[in-house]
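Colleague: With my numbering as the guide, the letters of the sequence shown map in order to residues 18 to 752.
A portion of the hints provided could be inaccurate.
As the list claims (entries may be wrong) - SDA-like cross-link-like pairs, simulated, lysine to any residue; straight-line CA separation at most 25 Å:
#1 Lys553 to Asp584
#2 Lys420 to Ser663
#3 Lys553 to Glu567
#4 Lys420 to Phe371
#5 Lys420 to Ala574
#6 Lys311 to Lys553
To be verified - Pair ranges (Cβ atoms, derived):
#7 Asn280 to Ile678: 46 to 54 Å
#8 Ala388 to Ser597: 30 to 38 Å
#9 Pro136 to Asn280: 27 to 35 Å
#10 Ser597 to Met239: 20 to 28 Å
#11 Asp375 to Thr284: 57 to 65 Å
#12 Leu603 to Leu475: 12 to 20 Å
#13 Asp599 to Asp375: 36 to 44 Å
#14 Pro136 to Arg164: 46 to 54 Å
#15 Asn280 to Ser217: 50 to 58 Å
#16 Pro227 to Asp599: 51 to 59 Å
By construction, these hints were calculated from the structure, which means they are not laboratory data. None of these values were measured; they are calculated from a predicted model. Positions of the beta carbon are idealized from the N, C-alpha and C atoms, including for glycine.
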Amino acid sequence: MTKSHQPTSPSPRTLALRRWPTIALLVCAIATAPLAQAQDPASREASLNFVGADIESVIKAVGHYIGTTFIIDPRIKGTINLVSEKPVTKAQAFSLLTSALRLQGYTVVAGDGYTKVVPEADAKLQAGPTQAGASRGGDQIATQIFRLNYESANNLVAVLRPLISPNNTINANPGNNSLVITDYADNLRRLGKIIAALDSPATGDLDVIPIRNAIASDIAGMVNRLLETAGNVPGGDTGRVSLLADSRTNSVIVRAPSAARANLAKTLIAKLDQPTSVPGNVHVVHLKNAEATKLAQTLRAVITNDTSAPAQAQPTQNQQAQSPGGMTAQGGLSTPPSATPASTSLSSGGAGGFIQADSATNTLIITSSEAVYRNLRMVIDLLDVRRAQVYVESLIVEVSATKAAEFGIQWLGLSGNADSAYRVGAGTSFQAGTPNNLLSLAAGAAAGSASALPGAGLSIGIFRQINGKLGLGALAHALETDANANILSMPNLITLDNEEAKIIVGQNVPFITGQYTTAASGGAAGVNPFQTIERKDVGLSLRVRPQISEGGTVKMAIYQETSSVQDTANAAGIITSKRSIDTNVLVDDGQIIVLGGLIEDTVQDGAEKVRGLGDIPVIGNLFKYQNRKRVKTNLMVFLRPTVVRSNDQSVNLAADRYDLIRNVEQGSQPAQTALLPNMEAPVLPPLQNGQPNGGALLRSPPAAVERTSMPAAAPYPGLPSLNGAPGQPAGKTVN
Numbered sequence: 018m019t020k021s022h023q024p025t026s027p028s029p030r031t032l033a034l035r036r037w038p039t040i041a042l043l044v045c046a047i048a049t050a051p052l053a054q055a056q057d058p059a060s061r062e063a064s065l066n067f068v069g070a071d072i073e074s075v076i077k078a079v080g081h082y083i084g085t086t087f088i089i090d091p092r093i094k095g096t097i098n099l100v101s102e103k104p105v106t107k108a109q110a111f112s113l114l115t116s117a118l119r120l121q122g123y124t125v126v127a128g129d130g131y132t133k134v135v136p137e138a139d140a141k142l143q144a145g146p147t148q149a150g151a152s153r154g155g156d157q158i159a160t161q162i163f164r165l166n167y168e169s170a171n172n173l174v175a176v177l178r179p180l181i182s183p184n185n186t187i188n189a190n191p192g193n194n195s196l197v198i199t200d201y202a203d204n205l206r207r208l209g210k211i212i213a214a215l216d217s218p219a220t221g222d223l224d225v226i227p228i229r230n231a232i233a234s235d236i237a238g239m240v241n242r243l244l245e246t247a248g249n250v251p252g253g254d255t256g257r258v259s260l261l262a263d264s265r266t267n268s269v270i271v272r273a274p275s276a277a278r279a280n281l282a283k284t285l286i287a288k289l290d291q292p293t294s295v296p297g298n299v300h301v302v303h304l305k306n307a308e309a310t311k312l313a314q315t316l317r318a319v320i321t322n323d324t325s326a327p328a329q330a331q332p333t334q335n336q337q338a339q340s341p342g343g344m345t346a347q348g349g350l351s352t353p354p355s356a357t358p359a360s361t362s363l364s365s366g367g368a369g370g371f372i373q374a375d376s377a378t379n380t381l382i383i384t385s386s387e388a389v390y391r392n393l394r395m396v397i398d399l400l401d402v403r404r405a406q407v408y409v410e411s412l413i414v415e416v417s418a419t420k421a422a423e424f425g426i427q428w429l430g431l432s433g434n435a436d437s438a439y440r441v442g443a444g445t446s447f448q449a450g451t452p453n454n455l456l457s458l459a460a461g462a463a464a465g466s467a468s469a470l471p472g473a474g475l476s477i478g479i480f481r482q483i484n485g486k487l488g489l490g491a492l493a494h495a496l497e498t499d500a501n502a503n504i505l506s507m508p509n510l511i512t513l514d515n516e517e518a519k520i521i522v523g524q525n526v527p528f529i530t531g532q533y534t535t536a537a538s539g540g541a542a543g544v545n546p547f548q549t550i551e552r553k554d555v556g557l558s559l560r561v562r563p564q565i566s567e568g569g570t571v572k573m574a575i576y577q578e579t580s581s582v583q584d585t586a587n588a589a590g591i592i593t594s595k596r597s598i599d600t601n602v603l604v605d606d607g608q609i610i611v612l613g614g615l616i617e618d619t620v621q622d623g624a625e626k627v628r629g630l631g632d633i634p635v636i637g638n639l640f641k642y643q644n645r646k647r648v649k650t651n652l653m654v655f656l657r658p659t660v661v662r663s664n665d666q667s668v669n670l671a672a673d674r675y676d677l678i679r680n681v682e683q684g685s686q687p688a689q690t691a692l693l694p695n696m697e698a699p700v701l702p703p704l705q706n707g708q709p710n711g712g713a714l715l716r717s718p719p720a721a722v723e724r725t726s727m728p729a730a731a732p733y734p735g736l737p738s739l740n741g742a743p744g745q746p747a748g749k750t751v752n
């Protein structure tokens, strides 16, 4: 139970202490404590002299002196030394007590009208004072909130954690970028000064440096590469010098963590921004993302005000095949040589020049004045950017259920016996052309055919001898079928923005489009048949052309087709079924959209019966054959585009698909047995930072390394053998 001390009715001695605070504080409960000397009554101070005294008794005595109620934890045990060399005030006495308790591993927590004395490890769990401003000093536990303006709270936690006692806590709140620290009040004051010094802007004002002779984008890229090692310092991007080029003003914006690093960047820029030492006006621009041939065509149109070149229609594949001498650009599009001249004269303010594209190195060669070149470089920097990609996931789900039932009775009867020349017979026969037709079954049984058996289902028949052979006299057949199918297709593809992508999974089926015969030449008998065949893709196909808007939405032109071969025995040709969707949609990045669907429910009910007899209640079932069928089909097509703008997104996307197929591959590996040999099927290695762990994309399992060495195969005729080093034959070539 927690001990507490409450002031009781004052004794004459206590009244004397209160009336004359300058009289030495006497602690009668402590035998080892000597009496303190009397002080000047006007100073309102007292001297403390506790040597080897019980902690609880000292806390009570100080509580009497300063007029504070202490609640003491039962775990507070031991002795304490508290001696003041000169008289102290009440505030100083309380401070001395808290400091002495701290050395013993205890602390005080201020409450509402009282003070608790608890072990230091439990102080952070007590309801102590909480404040957002500057804290008061002393060796008592308090909680303070520090709101940061510039520095990240998570970064400061690692810096301040060693400065806080192990029993106390520091936590960061990323929501409002603040720190919550529970510690001794005097340490909180020290931490407040440290936080104020650290919570300052990482840099001063951004520096804008105009470039006089060079191109801003070239200078920014080169200086960034020179200073990129600064990104490895602790703190990540906060310790890195960043340079950004502004093409419009041809200037470089410098952001550095310190003035020294900013001056280093400025010095490098000043040394690089010098006039070229090579005379002339020929410039070579290396492109990073754009295609040199297409970009040169665009620039020519901009300079010469000729919009006909980039707006030319793209020829079809047949036109490509029929245009000999045409220049094939990337993407398989052929353009006549006259439409893409090797160079075009530039005319701007009387300054002429040329633009030439080198597709081999993907560079532009520009011959122009300095002013025209600067304008062109501004356009090139804006157009030569990384193009976004779109990863399209489509989901084609087809669920079908088929239920069928049939029930019928057929019978045949003949009069007379085996010696009768004439007989009278009657019977019913349904389901002509099927295995359950009674006449077909009876004829086959009479002929002794082993294949004359009823179809699937329950068949009950009556047999009789006809001319020494087994014949069928009656047949009752019942059948019920229930079939379900769940077909799931997931064609996925990735393509550049505003570029069409196509995926086809299926068969290339021949279709006869015409046929004729010709007489044999030379008067010989016979004819020569001739057929014309056209092949078409049958299966699953998906064509998508995405276009990304600035707002993050994706506009897509989509054509999706699902086809299959239904009948190949038709006299007119192959019959195919086809389901297709041709549409344009607008969808947000990462959202699922339904393209279309089909819900089909077909019910068929049929009955074959003998007219008149089949209509008789109950008895009419002996003269009927009934069937019923229901087919229900649900087909839905879903699509989800995901915009991939950075290399990290592309790596994460590829790693996700890679791990999926790798898990499927590992699950399909054959189990090791003692009877069958290990075929050492290749396995996919795990990925690490987007790269295969080990270098090779496909390798054999570890067991393959331990196999016994096989004799080297004989070299092929005409090829030399190699000794280790690739490309260097060890001997002469075999002729």
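Colleague: Going back to the hint list, which numbers does this structure go against?
Modeller: 2, 3, 4, 5, 6, 8, 9, 10, 11, 12, 14, 15
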